[in-house]
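Residue numbers (full-length UniProt numbering), protein chains in the order written: chain V, 1 to 500; chain A, 1 to 500.
One thing to keep in mind: the hints can contain errors.
Derived, one-sided and incomplete: chain V residues facing chain A with beta-carbon distance under 10 Å [said to hold, decoys possible]: (1) G26; (2) P29; (3) D31; (4) F128; (5) R144; (6) H148; (7) P159; (8) V203.
Okay, the calculated bits of chain V under chain A, using three or more residues with CB under 8 Å as the criterion [unchecked claim]: (9) 32-41; (10) 44-52; (11) 160-173; (12) 410-422.
Once the Cα atoms are required to be at most 25 Å apart in a straight line, the calculated SDA-like pairs of lysine to any residue come out as [to be verified]: (13) A:K158 / V:G175; (14) V:K158 / A:L172; (15) A:K158 / V:P201; (16) V:K158 / A:T399; (17) V:K158 / A:P191; (18) A:K158 / V:A185; (19) A:K158 / V:P159; (20) A:K480 / A:D379; (21) A:K158 / V:G177; (22) V:K158 / A:G175.
Keep in mind that the hints were calculated from the coordinates and are not lab data.
Where a beta carbon is used, it is the ideal one built from N, C-alpha and C, also for glycine.
There are 2 protein chains.
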Amino acid sequence: MPIHTPAWVRDAVFYQIFPDRFARSGRVPFDAPPEPWDSPPTTYGFKGGDLDGVTDRLDYLQDLGVTAIYFCPIFASAANHRYHTYDYMTVDPLLGGNDALRRLLDGAHERDMKIVLDGVFNHASRGFWQFQHVLENGAASPYREWFHFDPARLTHRKPFQPYPSEEAAAELRAGHGSLEAVGYAAWWNLPALPKFNTDCPAVREFLLSVAEYWVQFGIDGWRLDVPNEIDDDSFWGEFRQRVRAINPDTYIVGEVWGEASRWLQGDMWDAVMNYQITAACLGFFGGDKLDLEEARRPSSFSHVRAFSAQEFADQVARVTGMYDPEIVASQLNLLDSHDMPRFVTCCGGDKHALKMAWLFLCTSAGAPCIYYGDEVGVDGAHDPDCRKGFPQNEADWDTNLRDWYADCIALRKAHPATRSTNKTLLQAKDSAVAFLSKADGQNIVSAFNAGTREVLLDLQLPTAQPWNVLLATGPGLELKSTSNGVTLLLPGRSAVVAGA
Amino acid sequence: MPIHTPAWVRDAVFYQIFPDRFARSGRVPFDAPPEPWDSPPTTYGFKGGDLDGVTDRLDYLQDLGVTAIYFCPIFASAANHRYHTYDYMTVDPLLGGNDALRRLLDGAHERDMKIVLDGVFNHASRGFWQFQHVLENGAASPYREWFHFDPARLTHRKPFQPYPSEEAAAELRAGHGSLEAVGYAAWWNLPALPKFNTDCPAVREFLLSVAEYWVQFGIDGWRLDVPNEIDDDSFWGEFRQRVRAINPDTYIVGEVWGEASRWLQGDMWDAVMNYQITAACLGFFGGDKLDLEEARRPSSFSHVRAFSAQEFADQVARVTGMYDPEIVASQLNLLDSHDMPRFVTCCGGDKHALKMAWLFLCTSAGAPCIYYGDEVGVDGAHDPDCRKGFPQNEADWDTNLRDWYADCIALRKAHPATRSTNKTLLQAKDSAVAFLSKADGQNIVSAFNAGTREVLLDLQLPTAQPWNVLLATGPGLELKSTSNGVTLLLPGRSAVVAGA
Chain V
1 MPIHTPAWVR
11 DAVFYQIFPD
21 RFARSGRVPF
31 DAPPEPWDSP
41 PTTYGFKGGD
51 LDGVTDRLDY
61 LQDLGVTAIY
71 FCPIFASAAN
81 HRYHTYDYMT
91 VDPLLGGNDA
101 LRRLLDGAHE
111 RDMKIVLDGV
121 FNHASRGFWQ
131 FQHVLENGAA
141 SPYREWFHFD
151 PARLTHRKPF
161 QPYPSEEAAA
171 ELRAGHGSLE
181 AVGYAAWWNL
191 PALPKFNTDC
201 PAVREFLLSV
211 AEYWVQFGID
221 GWRLDVPNEI
231 DDDSFWGEFR
241 QRVRAINPDT
251 YIVGEVWGEA
261 SRWLQGDMWD
271 AVMNYQITAA
281 CLGFFGGDKL
291 DLEEARRPSS
301 FSHVRAFSAQ
311 EFADQVARVT
321 GMYDPEIVAS
331 QLNLLDSHDM
341 PRFVTCCGGD
351 KHALKMAWLF
361 LCTSAGAPCI
371 YYGDEVGVDG
381 AHDPDCRKGF
391 PQNEADWDTN
401 LRDWYADCIA
411 LRKAHPATRS
421 TNKTLLQAKD
431 SAVAFLSKAD
441 GQNIVSAFNA
451 GTREVLLDLQ
461 LPTAQPWNVL
471 LATGPGLELK
481 STSNGVTLLL
491 PGRSAVVAGA
Chain A
1 MPIHTPAWVR
11 DAVFYQIFPD
21 RFARSGRVPF
31 DAPPEPWDSP
41 PTTYGFKGGD
51 LDGVTDRLDY
61 LQDLGVTAIY
71 FCPIFASAAN
81 HRYHTYDYMT
91 VDPLLGGNDA
101 LRRLLDGAHE
111 RDMKIVLDGV
121 FNHASRGFWQ
131 FQHVLENGAA
141 SPYREWFHFD
151 PARLTHRKPF
161 QPYPSEEAAA
171 ELRAGHGSLE
181 AVGYAAWWNL
191 PALPKFNTDC
201 PAVREFLLSV
211 AEYWVQFGID
221 GWRLDVPNEI
231 DDDSFWGEFR
241 QRVRAINPDT
251 YIVGEVWGEA
261 SRWLQGDMWD
271 AVMNYQITAA
281 CLGFFGGDKL
291 DLEEARRPSS
301 FSHVRAFSAQ
311 EFADQVARVT
321 GMYDPEIVAS
331 QLNLLDSHDM
341 PRFVTCCGGD
351 KHALKMAWLF
361 LCTSAGAPCI
371 YYGDEVGVDG
381 AHDPDCRKGF
391 PQNEADWDTN
401 LRDWYADCIA
411 LRKAHPATRS
421 TNKTLLQAKD
431 SAVAFLSKAD
441 GQNIVSAFNA
451 GTREVLLDLQ
461 LPTAQPWNVL
471 LATGPGLELK
481 STSNGVTLLL
491 PGRSAVVAGA
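Chain V extracted, bound-state conformation:
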């Protein structure tokens, strides 16, 4: 079937915000003070970021070149990450409530900036209305089909254990399923996250109406949390039809760390969070700084390893070859997120790695996405450390890095070839790799040397026009035209983009 993805995504630059940690407006009251903004993040602590704080900083994001924001969940949830949804129809009061989202949408749309929300449809929280209704009433609740319950507990013969006793917790630790240990199926057997029974018509209708409601409200897309766990193509097919009927430009991007062809045939989602390219970037740009122990912390990243230039080129070809070009051009390309250590931390704190990788994303098809704070040098180990408060004091920002981020974005906007799916490998040699991207008669060469020693590349190019350096990580590189292309001397840990 023909694949249609929203045109705006192909040209978009995303910024991912963890709402509790990006910015605090100071206008949302806290009944008891949150933890200090600059203290190390904790599992349960709130720092008090809110949506008006984001609205106040839209100019900052616009100056950076950002055109779309992807938010981690914002609906009412008794967790700082808000993946435990309490009320799908209400923006968390600690984030400012629905009115704050209205102000944010208005402010963003005035700037032609899109807003994508995180949709957690696989599971609710143990505080969720229909779930609590069954905990209280057992089989007598009209919501008894909404989740997967242990029949013995539905009849009150045995107590549910949503907040497990020490005994129930021990059972879980011993590997018993949550259905057995606490009385219901839960995501990863975590009692906080009861899994919806999406075979129940009322549940489907509820979830799909939530998806519709917020698109109607004005959001521009849904990032879908663990959507592969709703193992039902008809659900996602209907999801697409219903949100697209309201706004045909709604972006639908699934969180799938692995291969995702099943959902990317044009009838379900537009894209996935491209953790496959993340892994490739870590393995290559990390170079000898790659901290494998840290990088492998996310369970899906246990395979991450160092790549030579040729291996990286193979990975890039593999990842971009997985899907239709329309999908590739719509992927959400990211270096890190709230679910993994910061890229710079995986690379032993080396900002050269980050700068090269960001330039690589900005010269690749698919929308590059900045995880908030990466652009000013925020580091952080695995969750919760990767969720620090964005530095409030500009003196703590790496403005050189931020300027690099802005320069890469500006380059991407100025040169459509950077976003083209027509991208080929020119050469992979030692620790260096070069690609050629084409669009609208324009050619772009992007080249990266992840090693510490300089590499000389001899690139055959399809045009005799003079090639000019458009952007480079630093001094020391040499670009010379040859009869059929250029030679490129790349210092260690450097990258360059040239155009003709």
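Got chain V; can you put chain A on it based on the hints?
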């Protein structure tokens, strides 16, 4: 201080509705069928009554003479009685949501009928937002001051047990407090009902703003659930000021089964649910049919006992003498409620007792209140049996009884003296008692014989006018004028009202 109660209450006839059990509109979808309407009520079962069902039956209530409805709780709650509030700003979706309340208010107000809601401000439910927030986050939650928590659980050293494990349940059964057994203070140590910390400014503001919100929405009064457990006069003083500022005619009636002078000085509430008069009526009108075992089921009714006519008269004098006449005229006088066995059941099923008692309430100062279904002969033992579905089939109604209810109400409306606080004992003799009520130059005699044998009363009356029977339970009574009053021959189990 001068006492001002809403004028409308003094002339009101209330009807108490248990929302799940009065009437089903059929327009609220249930995801799984509720239990059969006519089956015996169960602890957890829902029968599916809703607010539109009530709106559909406003004509029935109007025909009966009802002028005000007092609803058991209607806000979102995972319990069929809805005392476990989940969301104070939302009418339970199973009752039709906020829109259904709007329709009900409009329909009632068109008929000049008032709506009083049940306000459960002492405790929330274990599903309540701010409570769940602390269960999840412990001391890191900004809501940590909203309830009374065990410090050891706040720091996650020990799990909260809102749904107690078998061990925690055993501790509770052994008499340990909920703070110790499950980690927080709860009403009657019931884990479902965490007690608010009303010393926390945010909690006060929340509860008072809820009270304001619904008065602004259009309700005419608050019945306060266990309000004496908020042991803080300043709270109730502010409560009164704030709701009265919005609508000076807002009725505030507390659920206090005992003496309540503390709150009835004019600066807090207007009235209480007059369970003191209930107990007196049971003791007298029950006569030899009084089922003490059933009547004493509510913990506050352990003192209920049979009364002679003189004892009853003493009780009436005691109860009406407790408070200022302005308060007495505004009391909510009831024969039974959702919290006790039906009056008729306490009286061994004897409807004479019910008829006499209802006439007594209708000839007493204070607003008489019908517990839904009493008027058609619904019986029921202690909770949950006292919460049966209102018979759907008119063939199952005792229409004779209903007509009696209507006649008593009509009498009350036609004769202001019935509502007067100027009521004196004329005579108490054997099993019979007679009262004289005066208002606007009108005199009313009400007389009741709770025994099985006839009693002759010789009543001295202040007027030489002829006395006429206005209403009587049945034939056989004889009323004769004397030089200074009347003689009244009352058959066993009968009552009469005469006017001059």
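Inset, instruction - May I ask which of the numbered hints given earlier this structure violates, with the numbers listed in increasing order? - result: Hints 1, 6, 12, 15, 16, 20 are the ones this structure does not satisfy, whereas the remaining hints hold.
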